[in-house]
Amino acid sequence: MKKSKIITLVLVTGSVLIGCQQRNQYASWDDCARDYGDRSKCTEEKEQVSGGLYYRTYYGPWYRSSSSGDPSINASVRTARSIGVVRGGWGFHGSFGSHGSAHGG
Amino acid sequence: MKRSPVPHVRENWQAKLEEVGFHFYEMDGKTYWDESAFYELTSDEVDQLEAVTEELYGMCLELVSRVVREELYERLAIPPRFWRYVKKSWERKEPAIYGRFDLWYDGRTHPKLLEFNADTPTALFEASIVQYYWLQDYAPKEDQFNSIHEKLLDVLETSIRPVVGRDVLYFSCVKESLEDLTTTEYLRDLAIQAGIETNHVYIDDVGWDLAARQFVDLGNRPINYMFKLYPWEWIITESFADQLLTSALSLFEPAWKMILSNKAILPLLWEMYPNHRNLLPSFFEPPNTEKTYVEKPFFSREGQNVRTGTWFMKRGKRAIYQEYRELPDFAGNYPVIGSWMIGDHAAGIGIREDRTPITNNLSRFMPHLFRSIETNGQEGRT
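Sequence order for the protein chains is A and B.
Numbering of the first sequence is given in numbering that gives the first Met the number 0, commencing with residue 0 and proceeding in unit increments.
Numbering of the second sequence is given in numbering that gives the first Met the number 0, commencing with residue 0 and proceeding in unit increments.
Any given hint might turn out to be false.
Unchecked claim - Here are some chain A residues pointing at chain B (derived, C-beta under 10 Å):
#, residue
1, S3
2, V11
3, N23
4, Y25
5, A26
6, D30
7, G36
8, S39
9, K40
10, Y57
11, S71
12, I72
13, G88
14, W89
Keep in mind the hints are simulated off the structure, nothing from the lab.
Owing to the predicted nature of the structure, the values given are computational and were not obtained by experimental measurement.
C-beta: ideal position from N, C-alpha, C; glycine also.
Given the sequences, and given the hints that come with them, work out the whole structure.
Put into structure tokens, the structure is as follows:
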């Protein structure tokens, strides 16, 4: 027998990947609210890390993936919370791959 | 090995694919997943492919060892500032997860290595999951050379989890590629099952904290371990390359895979193993004889910039020349065997075919099966 005996998937399901949705992640309510101008658009989730510690993480609403980010956010506002952290140092070639893919072969 | 058209495909096949999380069965308006036919192999053929794949991988590891020992990085166009980085990765035995050998194979003679996709191989989900469920529907009593899923789980449990420990393993890919997101999320799924703490970050969203001098996610949390579905040759030539050299970030696939994700390994393997039955003659210089050769850039994706001919004017230093071998013709279809290495083991195959002899990114993925000894002679199809 050379096929897998059983296959279990816990994350990949029928609808999760449709449309490449994503949402922005924030370190605080304030950061999220600043981007969206409305705290009710933000949600809080706890993410467990090692030793019983957890991070509180804040998310904006889901939107269709875009290399320019969530179109509902004013770009100048988004830049403001990124002081001290630079982004975009990788990913430049992404749009040059076939189908936008970075896969080889 | 034979190609068998089927009388009819599964009812609601698109819905069945979507149920398992596979949505790119058409690309650019053309069929990508094609179950109107399948390839049938014999048990001996599968054994042969399995043995050849592991032998080739062993040869590749010998090659890496030689490159590091003799500092042959220049022959692979690896920038000098990354030589030590690659060497340390190899000496630390950083674990690899996967790779895919593309093999010429007709079922009658020895498989031949066309190339090794050692860093960001395509078609993992199709090979591991989609064709598995096709077999469950179409011929559940038959076997398939495909234990990719359970071998991935094993590698993540036994090789990756001990490295990551209680830290978070990030999974990263480019935005706006459903194909890449599917692969990345599939691997993250397996990592979760392997007991690894995970998170997702798009490669474009990875940040560099100027004060802490570390890579961070969108919540500015440190990224110490990251699987990146993004080629090494891009990682080391884009803006964050310098930061990578000074940070604590560990990437998967490991940095020593930089050596193998490069067509220059083909002439180097030919140097080390001349006339090996599973290699095609390959050279750094154009042979310019009466024989037909294929010119392949060191870094070429999905058949891009590949040229075939008998006479070449060498284009800079970054191309190799591999003897042309016409792909086997199965009623006007030209298959390439994608043979998967997961960790240190051959784990299965995926077959892509085209209507031209050079496989490209629009090749169709075809499922396969073989008759296992237990069911040999019995009708297993439903």
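Going through the hints against the structure:
Here the hint on A/S3 is kept, as its CB sits about 5 Å from the closest CB of chain B, short of 10 Å. The interface hint given for A/V11 holds, since its Cβ lies 4 Å from the closest Cβ of chain B, which is under the 10 Å cut-off. This hint holds: A/N23 has a C-beta 7 Å from the nearest C-beta of chain B, less than the 10 Å allowed. Contact between A/Y25 and chain B, as hinted, is supported at the beta carbon level, the nearest pair being about 6 Å apart and thus within 10 Å.
For A/A26, the shortest C-beta to C-beta distance to chain B is roughly 5 Å, which falls under 10 Å, so the interface hint holds. At a threshold of 10 Å, the smallest CB-CB gap from A/D30 to chain B is about 9 Å, leaving the interface hint in force. A cut of 10 Å between beta carbons decides the hint on A/G36: the least distance to chain B is about 19 Å, and the hint is violated. Because the beta carbon of A/S39 sits about 20 Å from the nearest beta carbon in chain B, more than 10 Å, this interface hint is broken.
The restraint placing A/K40 at the interface with chain B is violated, with a minimum CB-CB distance near 16 Å, outside the 10 Å limit. For the restraint placing A/Y57 at the interface with chain B, the shortest Cβ-Cβ distance is roughly 8 Å, inside the 10 Å limit, so the hint holds. Among the interface hints, the one on A/S71 is violated; its C-beta lies about 16 Å from the nearest C-beta in chain B, farther than the 10 Å criterion. Taking 10 Å as the C-beta contact cut-off toward chain B, the hint placing A/I72 at the interface is violated, the least distance being around 13 Å.
At about 3 Å, the closest approach between the beta carbon of A/G88 and any beta carbon in chain B falls short of 10 Å, and the interface hint on this residue holds. Using the Cβ-Cβ criterion of 10 Å, the hint placing A/W89 at the interface with chain B is satisfied: the shortest such distance is roughly 5 Å.
Figure legend: structure checked against the earlier numbered hints; hints not met, in rising order: 7, 8, 9, 11 and 12.
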